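Asks: Chain by chain, the residues:
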Amino acid sequence: MEAFKEHVGLVVPLDRINVDTDQIIPKQFLKRIERTGFGEFLFYDWRYLENGDPNPEFVLNHPRYAGASILIAGANFGCGSSREHAPWALQQYGFKAILAPSFADIFRNNCYKNGILPIALPADVIASLSQEAHDTEGYRLMVDLEEQSVICPDGTAHTYEIGDFEKYCLLNGLDEIGWTLQYETDIAAYENRTA
Amino acid sequence: MKTQTMYEKIWETHLVRASADEVPILYIDTHLVHEVTSPQAFEGLRLNNRKVRRPELTFATMDHNVPTTDRSLPIKDLIAAKQMETLAQNCAEFDIPLYDINSPEQGIVHVIGPELGITQPGKTIVCGDSHTSTHGALGALAFGIGTSEIEHVLATQCLLQHKSETFEIRVDGTLPYGVTAKDIILSIIGHIGIDGGNGAVVEYTGSTIRSLSIEERMTVCNMSIEAGARAGMIAPDDKTYQYLAGKRFAPKGEDFDAAVERWKQLPTDEGANYDRTLTLDAADIAPQVTWGTNPGMVTDVTGRVPNPVDMDTTDEKRAAEHALEYMDLQPGTPMTDIAVDRVFIGSCTNSRISDLRAAAEVVKGRKVADTVNAMVVPGSQAVKRQAEAEGLDDIFRSAGFEWREAGCSMCLGMNPDILMPGQRCASTSNRNFEGRQGKGGRTHLVSPQMAAATAVTGHFVDIREFSP
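Line order of the protein sequences matches chains A and B.
If you're matching positions, the first sequence starts at 546 in the numbering used here and goes up one per residue.
If you're matching positions, the second sequence starts at 406 in the numbering used here and goes up one per residue.
Hints were generated in silico from the structure; no laboratory data involved.
If you're wondering where the values come from, they're calculated on a predicted model, not measured in any experiment.
Treat the hints loosely; a few may be bogus.
[As the list claims (entries may be wrong)] Across the chosen pairs, the derived CB separations fall in these ranges:
{"#": "1", "chain 1": "A", "residue 1": "P667", "chain 2": "B", "residue 2": "N454", "range": "53 to 63 angstroms"}
{"#": "2", "chain 1": "A", "residue 1": "D689", "chain 2": "B", "residue 2": "D660", "range": "40 to 50 angstroms"}
{"#": "3", "chain 1": "B", "residue 1": "N678", "chain 2": "A", "residue 2": "V553", "range": "44 to 54 angstroms"}
{"#": "4", "chain 1": "B", "residue 1": "E730", "chain 2": "A", "residue 2": "C697", "range": "32 to 42 angstroms"}
{"#": "5", "chain 1": "B", "residue 1": "P739", "chain 2": "A", "residue 2": "P698", "range": "49 to 59 angstroms"}
{"#": "6", "chain 1": "A", "residue 1": "T739", "chain 2": "B", "residue 2": "S616", "range": "25 to 35 angstroms"}
{"#": "7", "chain 1": "B", "residue 1": "A688", "chain 2": "A", "residue 2": "D689", "range": "49 to 59 angstroms"}
{"#": "8", "chain 1": "A", "residue 1": "R685", "chain 2": "B", "residue 2": "P739", "range": "29 to 39 angstroms"}
{"#": "9", "chain 1": "A", "residue 1": "P698", "chain 2": "B", "residue 2": "T776", "range": "30 to 40 angstroms"}
{"#": "10", "chain 1": "B", "residue 1": "E498", "chain 2": "A", "residue 2": "G718", "range": "20 to 30 angstroms"}
{"#": "11", "chain 1": "B", "residue 1": "K669", "chain 2": "A", "residue 2": "G718", "range": "38 to 48 angstroms"}
Every residue gets a Cβ at the ideal spot worked out from N, C-alpha and C, and that includes glycine.
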């Protein structure tokens, strides 16, 4: 996994609550056996028209948001299915961080394992950042993991919470399986104890 | 004496390592695998030259993208076929037992786990599927994981896990006529919202829950994730032990008796504290129908499509407007005035033998409305065989239902069973998300009885007024 330290990027607002993983990556794309190539299918049903052309109404297709790497969304982002294809699609599209008032449990876990930073901020902060992203063309934010803060162009910083272990894994691009395997003797001892 | 919840007991006995400044390492007793979320996990093992630590604790089946039509024919969807073939190859390479598409045990992973007795009280069970919470109905700690975590469990038989909050949802009283386990859980989600249980381990308690059969308990636990919960569980009792007795992977003879003694220690201790508690009265629950695009957008069948202007927040108002536009519904429409094009009876929520019996009871001697296409997809081949032995297939077929092979089918539409754009469906499944059953499809979640009655009348109907 790629390490995450800090990131500065263009912000795109998706003004919806309860965005579910079926919307993030519809089921017809889950038949692939590869881990790559999902970016072009991100938000497929919203992003493309019936004839396959980009839907000009959908925010990701607005030219001013081309190249956005920070997504702002409503509460409970990523609810529904456990499909890790959802963070794969977001990451492969180019998103590095997602800002929302809250995230669904499994989705948030899946993000950490793919180098995407899910940042929960109070609803009023999200609302004002979203408004800025609407009002100010080229609105960019800096996301700092070490300091656990989101820094606005005017210097305002919003701090956020993240678990120590998740932070450590992201900062170091850690292989979690390798981490667990260093405790192989504990696992074997457990198995002997319960056999 | 220290009092503990059932979750805390299972948690504590499965800790491999719990150091103050580290994420605890939790042992996993059973790992269930299916074709859709596992290929990249096996590929990860190969790339890192890792093995499956405990293949004998791992069970695989094919369910998500299998066709439900004649299994002797070749699979037309070549990408789906390749995914199934990949699972077969992975299971062969890593020595994992597989119930493939031609196996008499094949079925939805959350149906066959309990059916084969793989699911047992006190176990930790994971699967790369969010409806893994189903297995909590037997007193297991069961939850869905992503593909990276599948790889983690394959390689280590463990997961790095934070301890969850506990949430007791207590339902007391006698369930009114026509109200089912599905209505209980839809009503709970309507109360607490689709993020109302976010990350928590829910334990369902109370006299109503105790009165439910094991299969009904599975329906309740299954949809815990639709309230955002990590897991849902119900304490084991005599019904649980009777359900498991004689099942293929359940302990036998003296071992079974010893297991029952252990299982009896699992229920939450008197006086143990939950982080949160919600109490509902069964008498207040009516048959439920969803009107929107998530399972929390639900109302009594006697209710009406709500008006977005009545929503509490701007976000909810906007979400309701989007939902009504997608669902092509007008505020104020009585739910029973809504006509459907399709009826789907199936999914890991409601495809067990008791679900099919309940639906068949409603359908018996009646015909599916001319305007409706209706199908029944049994949860497993074993359920299908049992239903056929009882003549349920004849009841469904002669009423005009299609009778299919086992699989997830139109719950998520990964196989050819999908809604066409604009079609409206009464579905016994668990998610009414936009496009879930097919792009542009409109899903209303209901109980098997309500789905059956809807198939007959062509529109939603209050099952309590539907003459038996």
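Asks: Please go over all the hints and tell whether each is borne out by the structure.
Replies: Going through the hints against the structure:
1. A:P667 / B:N454: 53 to 63 angstroms: violated, 45 angstroms
2. A:D689 / B:D660: 40 to 50 angstroms: violated, 56 angstroms
3. B:N678 / A:V553: 44 to 54 angstroms: With Cβ atoms ~45 angstroms apart, the hint holds.
4. B:E730 / A:C697: 32 to 42 angstroms: holds, 34 angstroms
5. B:P739 / A:P698: 49 to 59 angstroms: About 52 angstroms separates the Cβ atoms of B:P739 and A:P698, which means 49 to 59 angstroms holds.
6. A:T739 / B:S616: 25 to 35 angstroms: holds, 34 angstroms
7. B:A688 / A:D689: 49 to 59 angstroms: holds, 54 angstroms
8. A:R685 / B:P739: 29 to 39 angstroms: violated, 50 angstroms
9. A:P698 / B:T776: 30 to 40 angstroms: violated, 57 angstroms
10. B:E498 / A:G718: 20 to 30 angstroms: holds, 28 angstroms
11. B:K669 / A:G718: 38 to 48 angstroms: The hint (38 to 48 angstroms, Cβ to Cβ) holds, given that B:K669 and A:G718 are roughly 47 angstroms apart.
Violated hints for the displayed structure, listed by number in ascending order: 1, 2, 8 and 9.
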